[in-house]
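Trainee: Dock chain B against the given chain A, drawing on the hints supplied.
As they're listed, the protein sequences go chains A and B. Just so we're aligned: the first sequence equals residues 1 to 457 in UniProt numbering. Just so we're aligned: the second sequence equals residues 1 to 320 in UniProt numbering.
FYI, nobody ran anything at the bench for these hints, they're computed from the structure. Note that this is a predicted model, so its numbers are computed, not measured. Yeah, the Cβ is synthetic: ideal placement off N, Cα and C, and Gly gets one too. Hints should not be assumed to be uniformly reliable.
Claimed, not checked - To give an idea of the interface, some chain B residues facing chain A are shown, with a C-beta separation under 10 angstroms as derived from the structure:
id: 1; residue: Asp216
id: 2; residue: Lys224
id: 3; residue: Trp229
id: 4; residue: Ala246
id: 5; residue: Val250
id: 6; residue: Ile312
To be verified - Listing some non-contacts, in silico: residues in chain B with all C-beta distances to chain A over 12 angstroms:
id: 7; residue: Pro39
id: 8; residue: Leu125
id: 9; residue: Leu186
id: 10; residue: Tyr217
id: 11; residue: Thr223
id: 12; residue: Leu226
id: 13; residue: Ala231
id: 14; residue: His235
id: 15; residue: Gly236
id: 16; residue: Leu237
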Amino acid sequence: MNSLHLDGVAVYQQQHCLLQALDLTLYPGEALTVLGESGSGKSLLAHAIMGTLPAGLRARGQLRQGSQTWPLADAANRRALWGQQLAILPQEPATALDPTMRVLPQVAEGWRGEAGSAQAEARGQLARLGLQAAQRHYPHQLSGGMAQRVAFAAATLGGAGLLLADEPSKGLDNRACATLAQLLQQHLADGRCLLTITHDIALARTLGGQVLVMRGGEVVEHGPASRVLQQPQHPYTQQLLAAEPPAWPAIAHPAPGDWLLQGRSLAKAYGSQALFRNVDIDIAAGERVALLADSGAGKSTLGNILLGLTRADHGSVRYRDGLPRTAWQKLYQDPVQAFAPHISLHTALHDVLQHCGQPLASLETLLHRLRLSPGLLARKPSQVSGGELQRLALIRTLLLQPALLFADEPTSRLDPLTQQDTVHCLLDELARIGCALLLVTHDHALAGKTTSRQLRL
Amino acid sequence: MAAITQHGLARVLGQRLIQALVVSLLVATLCFVLVQQLPGDMAFRIAAGRYGYDYVDAAAADAVRQELGLAQPAWQQFAHWLQQLAHGQLGQSLVTGGAVLEEIGHHLGATLQLAAASVALALGLGLPLGLASGLRPGGWADRLTLLASVALRALPPFLLGLMLMLGLSVQLGWVPAAGHGEDGNLLLPALTLGLGLSGLTARIVRDSVLAVVQSDYYRFALTKGLSPWRAFWRHGLRNIGVTVVAYAGVQLVLLIEGVVVVESLFAWPGIGHALVHAVFWRDVPMIQGCTLLLAWLFVLLNTLTDLLCLAIDPRGPAEP
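Chain A with its partners taken away, still in its complex shape (with noise of 0.2 angstroms):
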């Protein structure tokens, strides 16, 4: 196939330019990988390519190929290239697969060919990626790889040669994001072009090609993976490799003090399936503990357990006397989720107030060390930004001065810098109140950096 070219590609919303004009090249065999932090305008070039971009943005420029070209301006000349020459990979595959059907149909869908052999061809795709086992599953009995692999065999059974990846490891744990990349490299191997607009940097390493970095709808810098992401020239990649957990400078942990939860020979099953089985854990004061383990190996329900959330099939957990039950607090994962949608963040947090019978100075000091204007708080959780609301989050829990936090996943979902910016303001009001941390994630450099101890299950 021949390389496809995107000349002068610019969003606008009215007049306002969200995304500063740009020519790119994308040639058979080589990733093109666009980096930035969320907000930064670069999921809006996946769609002013694909032509979905959402009600009241225009997309300007052109898509060409050999000699046909293709006017961006009009969303609705693309529609006949979907599955056979444009295909999106989902974010989030678990939600990207329809609940209520089977895998093979789902894949064979996409096929553009003759009808006749679409399920010859969607088995084919599923036995190639390791999946015949799945093909009479229905989406929620696959697990976050297993998804992953189905929607990219649905995605690509139409032959497109170019794919486009929108932020396509978002919350995947560490195996399923080294099967995705997997899949990118395959799709390339087969020559094909691939854009994929992430934050995930590792994944961009791993993929090689060129690399653009975007900030505020505008590149800031363009080339191959390995001189930027080695030597990046602009301060702002700098300062994006520089968020990476590896590179983050050491972190001191106070010291711990005296035993604030033991949990003794905790054991958890699902149905027939045992999650952990005499798991021991002691947790002191002030202390720093990371939980390790893949998706799916029950380190949130251990969590969930510690803090009398979820009750354990054998083992007990014993608190040291005389803290209130609020003393025990939980980050969530998805701050979007931990919010009500529809009560405004002012209602949300003035009720916790008001509960705790905190002074509205408590509440305003905690928005002005975080950094957040208190113009926020009129706002509803999905008009502000994850980064923001995970800090509101953080406030939420803050006020009710827990002597234990346990923090799900607090970051999966935060671009880089959102993520470092984050973690240094939790450790830094965790630290003010002499508050434990218990950290459940699968990134282990995030894990080394922020807590002096770390359990593996």
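Mentor: Frame of chain A, contents of chain B only:
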């Protein structure tokens, strides 16, 4: 998968059977207690029901009291009735002396006919309107159905019924105002019940269509290259169906509440109509029979809803 479905089926039917038993007991007890609380001399009212008000005196009322054992303590009467119920008998009407089961049997057909016509009307109106609203949120169909459904839900059925009667029958003379057995008798009561239900159905359909069309899997289906029509057929209908059946099934309770009022208003000889008359004549077994039947009808509707959900949704019933 077959094993899961069978398991689900057994669970649904088992749960509903228990529910039917509990509901029967509660409804029967409540009914009995409430009837005992009604003002006035029960024997006098029953005698009036039998012989007419002009021919009733204290002696006639006493005779009725003796005959029906109304002087017995209330709990004895209730125990007696429960005993009968356990043998599958609903007793005799105090007024006509006929078996309650037979009397209700006459009425059940009329009620089912009315209910079926109303549901057909509600679906016929609600489904297309809901689809149109859901596919174009904020469009004219959406705004219109929102207004209509709020208005229809806010209007109590008797008021809506009266308005329809005045408009379609008195003013326009298209259909008879009330009655049974003539052509067009069914239209007004069915319209009254159906309109109320259709507004709600339309909103439920609208919300689930919108949720499905905006879902990740629906967008993914489109970008896989499926035509809009094929994406809707393959991924839209079933997912919309799951929510619509579950919610609409619960809302069918409106049908049971509406049947009593609407049947009385339009002199439609169904169970609701019979119930109102039975209350008027203090015909306790008849009241109990009618309410029990309506309660069973409610459990039956819920069971059908569950089974339909089970058939549509391959994931099986939610774990408790």
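Trainee: For each hint, tell me whether it holds in the structure or not.
Mentor: Hint-by-hint comparison with the structure:
no.: 1; hint: Asp216; in the structure: holds, 4 angstroms
no.: 2; hint: Lys224; in the structure: holds, 4 angstroms
no.: 3; hint: Trp229; in the structure: violated, 13 angstroms
no.: 4; hint: Ala246; in the structure: violated, 13 angstroms
no.: 5; hint: Val250; in the structure: violated, 20 angstroms
no.: 6; hint: Ile312; in the structure: holds, 8 angstroms
no.: 7; hint: Pro39; in the structure: holds, 47 angstroms
no.: 8; hint: Leu125; in the structure: holds, 26 angstroms
no.: 9; hint: Leu186; in the structure: holds, 37 angstroms
no.: 10; hint: Tyr217; in the structure: violated, 5 angstroms
no.: 11; hint: Thr223; in the structure: violated, 5 angstroms
no.: 12; hint: Leu226; in the structure: violated, 6 angstroms
no.: 13; hint: Ala231; in the structure: violated, 9 angstroms
no.: 14; hint: His235; in the structure: violated, 5 angstroms
no.: 15; hint: Gly236; in the structure: violated, 10 angstroms
no.: 16; hint: Leu237; in the structure: violated, 10 angstroms
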